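When the letters of the sequence shown are read in order and numbered with my numbering, they come out as residues 1 to 427.
Simulated from the structure, these hints should not be mistaken for laboratory data. There may be inaccurate statements among the hints.
Heads up, simulated BS3-like pairs for lysine-lysine below, C-alpha to C-alpha not over 25 Å straight-line [stated by the list, open to error]:
hint : residue 1 : residue 2
1    : K39       : K101
2    : K43       : K249
3    : K43       : K101
Keep in mind the model is a prediction, meaning the values are calculated, not measured.
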Amino acid sequence: MLTSAATRLRDILQLRFTDLFASLPVHMLEAISPASPWKRLLKVAGYAGARLIGNVFRPIRNPEDLRGKVWLYVVSQNNYEALSFLREARPDAVLVAGQSKQIGRYTKQVNRLSLRRKLLYYGQLPTAYAGLRQLVGRRAWRFFDLIFNAVGYYEVYCRALRHYQPRAIVFANDHNDDARALLLAARACGVPTAYVQHASVSTNFPPLGFDLNLLEGQDALDKYRQCGPIAGRTELVGMPKADAFLATKNQNPTVRGVAVAINMLDNMQAIATTLAHVLTTFPALTFTLRPHPGDARDFSFLRAQHPQLHFSDARQENVFAFLLRHDALLAGDTSTHLEATLLNLASIYFRFGDHGVAEDYYGYVAHGLIGRAHTLAELTEQLQQYSQHKPADLYRRAAYYNATLGTPDEGHSQERAVRLLQEWLGY
């Protein structure tokens, strides 16, 4: 018989048990959950020592009072940047994260929810694991370390909600384990929830389960409808984090600077081969490499091999500020393509290696947002064309993804989102 803990953990870890997650490239999956059971057990031991026991000896001293406030819950640097405008718009809004969650350059700027009592709930692990074996089969053992990490989030967050009684919680993430645990806890405790989309979404995401859903455009709505029934009210507000940059779209008639954005899906050798090719073929163009902020791989050898190659630190430089220094983007499966197109950059989809994730994961090529280069020869041809002429209206392609583009609300998505949240909250 399945326990409530098992079904709840199945919901919290929904994305981790999908075929998509299991098919991630080996180097990427290894960093999240090692293939070796012995390494997974070591990871569990490290988590138990550093987080479960470590948190017990780290008291929480928040700079702000969390009682009765509107919580802006963040799990990453990108989440922070997606919700910070609400902190400025509402005096009762506070940014909140889990006790030891790393939020990039904003790690020290958020209030913390104590996880010191999380250790107390591991007595449910044996029966919860047995229930998950029934629900997801062998993947329960394959991702045992992720199950171990997720235990107790729901219970400590229920306790926190009863203690602080927030007015509402606004999320920018709907699929990380701690965010989903807080969402389930909010439902159980009767706390209203809202969701502000922070990046392009996937049909592998959980069904939308918030009381108010503020999505960027029709693309997100269409995809979430494929994920399952949508709970609550849904509004299309555009992309709040882009407001400050849309008035400065790139109007250069030719491409001179090329941004190269990579993420953990991309193969290191393929990245090196591609960069060697374009740097040799286009000596007059400037190329800047920008690894994903969560990518811990060492790219210093590329700096040594190619002194002319520039680098951007995603942990320090805002993505829009980075893109505005360039005229084109070269990248694989990343939502940076959408952000680049909104700024009128010429964006080219090019896969750095053959990883397990489906081609054109976000559907950008299929919907005509960006072009596609299958080979280095095709990439060369497209870069040559753009180096001679870059259209001035590429940004119009993004209307399907950004509901305010080309409307009087363009560049005012933050105001629209704030207004809808004010109406929803009653003031």
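Results of checking the hints against the structure:
no.: 1; hint: K39 to K101; result: holds, 22 Å
no.: 2; hint: K43 to K249; result: violated, 45 Å
no.: 3; hint: K43 to K101; result: holds, 17 Å
In this structure, the one hint that does not hold is number 2.
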